[in-house]
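With chain A held as given, fit chain B onto it using these hints.
Chains A and B supply the protein sequences, listed in that same order. Residue numbers are given in the numbering used here: position 162 of the first sequence equals residue 162, and the series is strictly consecutive. Residue numbers are given in the numbering used here: position 212 of the second sequence equals residue 212, and the series is strictly consecutive.
Just so you know, the hints here were simulated from the structure itself, not pulled from any lab data. It cannot be assumed that every hint is accurate.
Simulated pairs of lysine to aspartate or glutamate, DMTMM-like, Cα-Cα distance not exceeding 20 Å [claimed, not checked]:
1) A:Lys150 / A:Asp210
2) A:Lys3 / A:Glu109
3) A:Lys147 / A:Glu22
4) A:Lys170 / A:Glu133
5) B:Lys280 / A:Glu22
6) A:Lys174 / A:Glu152
7) B:Lys378 / A:Glu10
8) B:Lys266 / A:Glu10
9) A:Lys207 / A:Glu166
10) B:Lys444 / B:Glu393
11) B:Lys378 / B:Glu270
12) B:Lys126 / B:Glu43
13) B:Lys266 / A:Glu219
14) A:Lys153 / A:Asp210
15) A:Lys153 / A:Asp211
16) B:Lys276 / A:Glu22
17) B:Lys280 / A:Glu27
18) A:Lys3 / A:Glu67
19) B:Lys276 / A:Glu27
20) A:Lys174 / A:Glu219
21) B:Lys378 / A:Glu180
22) A:Lys195 / A:Glu180
23) B:Lys366 / B:Glu303
24) A:Lys207 / A:Glu219
25) A:Lys3 / A:Glu27
26) B:Lys266 / A:Glu109
27) B:Lys8 / B:Glu225
28) B:Lys247 / B:Asp304
29) B:Lys276 / A:Glu109
30) B:Lys266 / A:Asp211
31) B:Lys444 / B:Asp395
Coverage of chain B stretches by chain A, computed from C-beta distances (three or more under 8 Å per stretch; other residues unrestricted) [what the hints assert, rightly or not]:
32) 267-280
33) 283-293
Heads up, the beta-carbon is just placed ideally off N, CA and C, and yes, glycines get one too.
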Amino acid sequence: MAKVLVLDDEIRIRGFIVVNLESNGFEVVEAASGEEALRIAHTQPDIQIALLDIMLPGIDGIEVCRELRQSYPAMGIIMLTAKEQEQDKVSGLEAGADDYVVKPFSPNELIARVNALLRRVTLVEQVSSSSEELICDPFVLCVSEYKLYKGEKSIAMTPTELAVMEVLLKRSGKAVSRDELLDAVWGPDYFGDPKIVDVNIRRIRRKIEDDPSRPFYIETVWGHGYRWHGESLA
Amino acid sequence: MSHLHSLKRHLVARYGAIIAITVLLLEGLCMFAIRSYYVNTIEQVLSNRVQLTADYYQKYVPGVTPLARAQKLLSSVDKDEVALVEVLDLQGQPVLDSDGFIADYRHTTPEVSAALNGQQHAWVGKSPLTGEKILAVAAPLCRDESRDTVGVLRYSVSLEQTFRVIQRLYIYCLLVGLIVIALVLALCYSLACRILLPIEDLTIAAKRLGAGAHDVRVRQRSQDELGQLAATFNYMSSQLDAAERAKNEFLSSISHELRTPLTSIKGWSETLFSGKLVDKPNQTQLGLEIICEETDRMIGLVEDLLDYSRLQVGHITLSLETVEINDLVTEVYQQLTIRLSERHIGLTLDLQQQLPLVEADDDRLKQVLLILLDNALKFTPPDGLISIRTRFEQDIVITVADTGPGIAPEDLPFIKNKFYKGNSKLPGSGLGLSIAQNIVQLHKGRLEIASPATGGTTVDICLPQSTPWTAGTYNWISKANSTRQNLS
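Chain B extracted, bound-state conformation:
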């Protein structure tokens, strides 16, 4: 499970990192905005005041000495003004401040220099006097008409309080950010678990399946892709189970099929060996015949099995040649008439003349016909009738029909499955139709089985004609030429 846990760690770490970086970036932006907002607001306010006061000075403040004018100016400043208001001379030395002091030093900070050059300017920085963070705005003071700078008006305010507020806001911001990151990490983790739990389920189930457990089922936890995967896994498991069951049924059916001839062979050979039949030549003959026949039966069964497995693996390749279907059918028909005469079953042959040629494997096609005829023989009672017909419609169709009991409707869909024998207890591997179907499909044809309720079974082998043009030589509408032979 270690790889799963590492996947979980990966998921949490990667998504966590992305979210953390995003949140921290946003936090930074937010903090910057807060700081700018506060400082800018204060700067704005101070700037306005400086502007107002400087204008006022320019227009209205009387007095002769700079000190008297400064006193006059500062007396006009609001008593509740929190900023320190100073009037500086042209050297940057305060003439008077709003607290009424005259300090003995020079301001050299940038705003003062700017004001001395006739520019109003704001500056944020550490005060060289107090070491506090301050915001200072300075504006030049002019006499009304001359516009010459006669001094500097400086508003300064400590930002310590403001920065404390901003700091507190920073902390809130960070806290919220951390909470968001923690929440996201938790969500990531639960998401990882949600993804990984079904995967762990699947891993365990797949291991069990691999170890040979049957019918392994995974709990379908959701309807999403993973749920579908679980459902698909369950489907696969059930299919494997069905395949396993089919295999077991096959083994038991094959072992039964082998056991019956083996019982005869063992029974008869031991009987012959024991010498009980020494003075009974007829029975000795019978026993030996049975042993030979049963051996043949087993050989046939083994050949069926080999054929089937070759077809399954796809090792059978057709040696295609141009085949005259009617010739092939007639040949099989002649082979069979001998076998049939013993059993009082009629066999009719009904050929449509001038069938188009077919690209086919001669031997394999004969095998299919023999399988179908063998089935028909197996199920047709004495005095029944088996008929072989050929005709041409879209395809070339070879029909094998019998007058047996037919196939039960509930068996019909499965009849072509391997080893399927319905309720039949007759000998056979249950492979015949499956082999026939495979061979016909190799010829790109179809095997169609019909069994009407009135009884009897009809099997059509439908084969495509070799090329469309060969049909041209044949007028397929005319069916007058069909011959009928009956040799029952």
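For reference, chain A alone in the conformation it holds in the complex:
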């Protein structure tokens, strides 16, 4: 049974989220403030998915997301945002969220998103048991540790970033379209904004590129998608 952390200061919103998650077989822990969410996360490291509201009294959802991401790179994080502005989506994703849901949302949509993210999170876990390594000089993608090594230096990756890297590396040298990435990483039934791909790519570039403004390893294929710079893997 997967464990989900729900953070929202409005008990009325939290209420129906909890009801729906529980009826879908999730174990749920609730938090009414950012501070409480961080405290719970530290005592229960087996939380797999966190649903974070952004507008909170005290420390806000973005900050909670950033701290959770730092401590738990493998955790799946979905932001619940009451604002539709581009900036709010982007700042959530930049802080390390894997996905976002705009209020007001349908409980079914939320459950679908949670399930899709959970697949990604558990995929990483399954792969980790096989201790697979993808090597593409100078990078070694070590799925078991949710880590990417650039030479000796290790780079922490989120499950989503890891999945994106995996797709790109496996098809090294070939262009991968945004839709293919969306299908492979977010699942075929994802119905959010395709921009989420670009935000993740930007985040990855910031982590791996020498000069993120002039990317070398991940090339942009205009109007199509992205390509990993390098030879095909043997």
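Then chain B, alone, in the frame of chain A:
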């Protein structure tokens, strides 16, 4: 821009015409003066000579025949004399001239006729003999004692040379005049440009502003009236910009305020609809309750908005009646005690007895009180205390004080602005105080908010008493009668 160009043309044409007329008039005067000066000077000189010579003739010239006398007279004339000097007989026929000729014709010009009548006279005109312009001065010649006119002495000089000089002066004058007119026209043009350029700037900027551009700025070219206009325009533009920003902030704040209850309603209703709670009556009950409450919250928000917009447009009129403030406050107090008991917040009521009556709208005043109390409730922690007091000083004052965290000094000046919520993330439209302020102002009263650094917020509603005389029944110095009720 055509109207601007026509304005430019108007300016140049009108001022140009005025200046041209003035200059030409002055030129005319000047020319007339020059001509008069030259001609008069020559006339003066000739007149003097004629006078002198005639006197001389009268006193000293001997001789018997008129010719001999004329010869004698003319021999006395200066050899360098430029004028033609003639001695005429009584018929106006020259007896002899200074060149030594005797011409065979008669002078009939006015100066000769005048001289024959005993008057010295000067004449300017075209000589009938030569066709030249001449100046002629004639004087009668008399014998010493008799004073009878025996002949005429005529000095004449050609003015052709003089008129050439005068003409040249005329041309200079005209040239200077034209240059002046040209300079003035150029100045007019540059002045027109100076005036019209900022106007063109303003026109373009106003068009852009009208087309929906933000933060349009005009270059302030000078410190004069047009510069001030540009500065005023910039101020207006910035105010519009601020209004636009406030509107956007309002929209995003309202959409957030609507989204939160909508999320609950949508979430719970879909959950109930999906049948997940069929066998859980408690949760079904909870869900329905939440849906009802959230709907109420949205209704409240919409009412706030409507109230606010009505107040803004000025559509709210007060139905004034004589109100006993203490009764009104007590009523609100009783309404609230029920809500408060759930939240462990104390509410105290402290009324000063025998307050003067107030002309007020009962319902609107209650609304103000409820807004203030609602704010106090929102910010007062459990086990806090809210107090309502009435007192009479210059005005009738209703005070709502709480023991909440207070208002940050940097927020205080803006707290009554619409949609201003400070850093608060609590639900609310940010309209409450703005509405309260509007209503109190409609009552010609004041809303005063204080928040000392020690915490807590005090809001005073100050209302003027209905008429000065009603206070007479009340001895306001005595405060011994104030009652205190505490029902926390």
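Check your understanding: Does Glu393 (chain B) lie within 20 Å of Lys444 (chain B) when you go C-alpha to C-alpha?
Key -> 16 Å, holds
Exercise for review: With a cut-off of 20 Å on the C-alpha distance, tell me whether Lys280 (chain B) and Glu22 (chain A) pass.
Suggested key: 13 Å, holds
Check your understanding: If you draw a straight line from the CA of Lys150 (chain A) to the CA of Asp210 (chain A), is it 20 Å or shorter?
Key -> Roughly 11 Å separates the two Cα atoms, so the pair holds.
Review point. Straight-line Cα separation of Lys126 (chain B) and Glu43 (chain B) no greater than 20 Å?
Key: Given that 20 Å is the threshold and the Cα spacing comes to 15 Å, the pair holds.
Exercise for review: Would you mind confirming whether the straight-line C-alpha gap from Lys153 (chain A) to Asp211 (chain A) stays at or under 20 Å?
Suggested key: Holds. Lys153 (chain A) to Asp211 (chain A) sits at ~16 Å (cutoff 20 Å).
Check your understanding: Taking only the CA atoms, is the gap from Lys378 (chain B) to Glu270 (chain B) under or equal to 20 Å?
Key -> 30 Å, violated
Point to revise | Pair hint outcome, Lys276 (chain B) versus Glu109 (chain A) [Cα-Cα no greater than 20 Å] | key: Given pair Lys276 (chain B), Glu109 (chain A) holds - Cα atoms ~15 Å apart, limit 20 Å.
Check your understanding: Are the Cα atoms of Lys174 (chain A) and Glu152 (chain A) separated by 20 Å or less?
Key -> Distance of about 27 Å is beyond 20 Å: violated.
Point to revise | Given hint Glu180 (chain A) paired with Lys378 (chain B) - CA-CA distance at most 20 Å | key: Distance ~50 Å between Lys378 (chain B) and Glu180 (chain A) Cα, so the pair is violated.
Exercise for review: Sort out whether Glu133 (chain A) lies within 20 Å of Lys170 (chain A), counting only the CA atoms.
Suggested key: With Cα atoms ~11 Å apart, Lys170 (chain A) and Glu133 (chain A) stay inside 20 Å; holds.
Practice item. Verify the proposed pairing of Lys207 (chain A) with Glu166 (chain A), using a straight-line Cα cut of 20 Å. Key: 15 Å, holds
Review point. Do the alpha carbons of Lys378 (chain B) and Glu10 (chain A) lie within 20 Å of each other, as the hint requires?
Key: The given pair, whose Cα atoms are some 15 Å apart, holds under the 20 Å limit.
Figure legend: structure checked against the earlier numbered hints; hints not met, in rising order: 3, 6, 11, 13, 21, 30.
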